[in-house]
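S.K.: The residues making up each chain are set out below.
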Amino acid sequence: MTYNTYKKYKLTDGTLVTNAIKVPKTTDHDDLYIPFDEDNTDYIEYKAWLAEGNTPQEAD
Amino acid sequence: MTSKIVVNNIGSDTGINSVTFDSNIQRGDSNLHSTGLNVDNTFVHSTGIALGAGSTIGAVTGVTTYYGDGSQLTGIDATQIATGNTKIQTAASRVDTKVDNVGILTVTAAGANVTGIITATAFVGSIPLSHRNIIINGAMRVAQRASSSTANGYGDLDRWKHEYAGTNENPTFAQVSLTTSDTPYTLGLTKAVKITNGNQTSGLQASSQINFNQQIEAQDIRNSGWNYTSSSSYITLSFWVRSSVSQNFNGFVKTADGSMYIYPYETGTLSANTWTKITKSIPGNSNLTINDDNGSGLQVFAIAIYGTNMTDNSVTYNQWAGWASGSRSKDQANSWFTTNDATLEITGVQLEVGPVATPFEHRSMGEELLRCKRYYQRGYDYHHLNAQNGESDRWIRFQVEMRSGPTVTTAPTNSVSFAPQSQTVNGFAGNGSGNSHANFNLEWTASAEI
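Chain order of the listed sequences is B and H. With the numbering used here, the residue at position 57 of the first sequence is 57, and numbering never jumps. With the numbering used here, the residue at position 316 of the second sequence is 316, and numbering never jumps.
For reference, chain H alone in the conformation it holds in the complex (with noise of 0.2 angstroms):
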């Protein structure tokens, strides 16, 4: 039996809280009930669902369409928006997106990071995609001179020159192999140079220094992409680094033209016997000159070991600031100095435009040799004098020009005396002289670095 009460206000009675329904209200095919608002088919109303402050809807199910653009929601951080295997999650500002509940995609306030392979219709973006690395024989696999030498200046790894002062016994500087349990060698940097000091028995004096830097043209960093005078244009120095005595170890990078500025840095606290990765972006300045010549643009000292001579305590770290020889680092620790035969070990060193340091651009033995005898290359020629005048006039013609007219060596063998004149960028011309009729072999070297 039905009935129907028609009514326009249904209300509870005094001291009565809510009025409870034993079955479920329905209109037409929707319907209120204990489990909450169940609608079937479309749930329309002239306004939509008007909910008082503190309401809470439950799970919504069923729903294939929602309606609204969504601009009014918020408060959703520290909550989760997941369909399957994508989760937005916006109280850490990340999105990851999964397949399989496998992570895939990932953005954090860092970056991006992806596991797996991209593919675009384009990249584009401040760092080259290739050709990144403005420093000559980062990964130290390139040694014309020799393997090892206590020289003061250029005397073994091709680019790389060192200098020291203050020293009781030279120290020592030698490529050598890494193995599979260093951890540039799992990346691919098989090579590194090592400083091995010398007994300083005198300590730390204040003219002493070590240090290990390389000179880069000025036309290479003019050129290279970095906007040096903005102070929102990086270029990004990182290298690995290894001390068999902890140390917080220092090192700059400085312009060579107009006034010259240097920008300072710490590695920080090194482990002892533990390979570290140290990473600086340094930001251009308004006062930096860089020329576009081939003359030295800037000069990265990995690596510099200084007494008070060349320190100040006034010295602010990751800033530009005017060159002063007496500043270029706070005073220095000097465990490492006067501990003797101490080592220190570098190598995968890039510099790259761009804020940020990415994976050590690898090249050929090919293609980074050939980079190095712009700066330094040796041969070794066949002659014969000439039997009416015992001379033989000779023009030695280089592999790849040369930075600058280059400093020559030669050493003939037989007796002969051949000495070099005329030096260009392409070679360089010379008279052999002795007995008539000879044969002799002339070896050579012609350097033209910073």
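Looking at chain B on its own, in the form it has when it is part of the complex (with noise of 0.2 angstroms):
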């Protein structure tokens, strides 16, 4: 899998927060969000892919 960005969210109150990771829409799927959870398996593996030293770019 490959995280070539990651997505930031607004709140309503102007915080801008990162809560999910984004992994661009391929031929083998739509955009994924990858939760910050410790149980999700995609997380654990883009923890990985990090600690390989990947950097994700940066959202839109």
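Please note that the accuracy of each hint is not assured.
To be verified - Derived pair list, reagent style BS3-like, types lysine-lysine, alpha-carbon separation capped at 25 angstroms:
(1) B:Lys25 to H:Lys373
(2) H:Lys373 to H:Lys277
(3) H:Lys4 to H:Lys161
(4) H:Lys254 to H:Lys161
(5) H:Lys373 to H:Lys161
(6) H:Lys161 to B:Lys47
(7) H:Lys277 to H:Lys330
(8) B:Lys25 to B:Lys47
(9) H:Lys254 to H:Lys277
(10) H:Lys4 to B:Lys47
(11) H:Lys161 to B:Lys25
(12) H:Lys277 to H:Lys161
For the record, the hints were derived by calculation from the structure and aren't laboratory data.
Fit the two chains together into the complex; they arrive one by one in their own frames, and the hints show the way.
M.R.: Below you can see the structure in the form of structure tokens.
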């Protein structure tokens, strides 16, 4: 899985938070939104990807 | 005329081997004659009947009462004790009870086989009477994502994950219907997964693999009743498999907590195009660690085809060993892998507590679907954007609480953008934006697979 961006969200009070990782749509799947949940296997894989020295692109 | 001789001994003369009496010798109502000992009424002697070695007792008839506890009866192996409809055949450790000469109860070393209905005041055993099957979707009936895919991971049948690598052409995993000519069909299993191989022109490479597995939550194993650290406590894996190519296949069960352990097995050589039931009874082991949480606890790789990067001929089947990525099985045959469009079908996968495989536990579609939705669910909702700002804040509630906060996909219609956020086990929020007053449909999926 390639994580080439992540999504930041603006709350209604204007606070900008990052509460999900976005994996852009590919031919295999739609946009994936991965929560920061330690039990989520996609997030576990994402952390492993980070540990390898990779860096996600900034959100739009 | 009668006469009476009073003597204290009657013996044969020299050169005479026996003394013959031409008529019965009678004492009171008892007599001794040529057909044996004939005793009327009660035969009484202070020491009973004492017979010498090698003596034979013929048919005993007419006796209404036998005395004695029989504790000294020996040497009756290979004989039968039969009274009407009951036969005890000790030579084969076998008890057969028949009614009207039809076998009802047969007890052998393998267990008891009863033909008919059992009633009892209680049934006590180590195998659960219900909810025996720990595997979800073992009958391959639920396919929320799709009925067929070439995905590397989850893509079709719920709860079943497939992985492949080192292939020239992707294998296809599909839900298929069985027919009356299929043995599992006759047992109530109408669906199966069918793995269709690609054209692997490079053969079985060292890195090649195709596997089909299910990852079970640790807490469901921990609380299953299996005393997994005891070598005398068992779980049993069973499933039906059919291959288009005759080959010995491999699989394994693996723990995922602490120091991981693997229990590798082989199916034995399957006859081509023939359904075969595989059964593996797996003991506990003191080295196993299984946490009481929602992570992966036991991974069941029903079938796992591997190249030599993942095999080692020093592997011993049917026993636990420390996990090593390069020691998942002995080196494997490649007949199936090198056959273009070879097929492998699996169904009726059951993992249960106990040392034997019981018949497959059939569950309703509703129950099986609910179990699957803990790991994957999808929905289709109707929304309307706010007229003032063209946005729509929504909370999507899941139909079943999920194993973890899930990975979500959304597909809104009508040029609306809808990004999910704040996923929890109960649902997720999202903000739609686009043209004000727009109505849109939102199709979403949520995956909390292991």
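S.K.: Are Lys373 (chain H) and Lys277 (chain H) close enough, with their CA atoms no more than 25 angstroms apart?
M.R.: 28 angstroms, violated
S.K.: For the pair we were handed, Lys161 (chain H) and Lys25 (chain B), check the Cα-Cα distance against 25 angstroms.
M.R.: 21 angstroms, holds
S.K.: Hinted pair, alpha-carbon criterion (25 angstroms max): Lys254 (chain H), Lys277 (chain H). Please report holds or violated.
M.R.: 21 angstroms, holds
S.K.: Is Lys4 (chain H) close enough to Lys47 (chain B), meaning Cα to Cα at most 25 angstroms?
M.R.: 116 angstroms, violated
S.K.: Are Lys25 (chain B) and Lys47 (chain B) close enough, with their CA atoms no more than 25 angstroms apart?
M.R.: This hinted pair holds, its Cα atoms lying about 20 angstroms apart.
S.K.: Is the hinted pair Lys4 (chain H) and Lys161 (chain H) satisfied, with a Cα-Cα distance of at most 25 angstroms?
M.R.: 102 angstroms, violated
S.K.: Lys254 (chain H) and Lys161 (chain H): Cα distance at most 25 angstroms?
M.R.: Roughly 15 angstroms separates the two Cα atoms, so the pair holds.
S.K.: Between the alpha carbons of Lys25 (chain B) and Lys373 (chain H), is the straight-line distance 25 angstroms or under?
M.R.: 23 angstroms, holds
S.K.: Run the distance test for Lys277 (chain H) versus Lys161 (chain H): straight-line Cα separation, threshold 25 angstroms.
M.R.: Within the cut-off at roughly 21 angstroms; holds.
S.K.: Just to be careful, I want the Cα atoms of Lys277 (chain H) and Lys330 (chain H) compared with a cutoff of 25 angstroms; is the pair within it?
M.R.: Since the Cα atoms of Lys277 (chain H) and Lys330 (chain H) sit roughly 22 angstroms apart, the hinted pair holds (cutoff 25 angstroms).
S.K.: Take a quick look at whether Lys161 (chain H) and Lys47 (chain B) sit within 25 angstroms of each other, Cα to Cα.
M.R.: Within the cut-off at roughly 21 angstroms; holds.
S.K.: Straight-line Cα separation of Lys373 (chain H) and Lys161 (chain H) no greater than 25 angstroms?
M.R.: 15 angstroms, holds
Violation of the numbered hints given earlier is confined to hints 2, 3 and 10; the remaining hints are satisfied by the structure.
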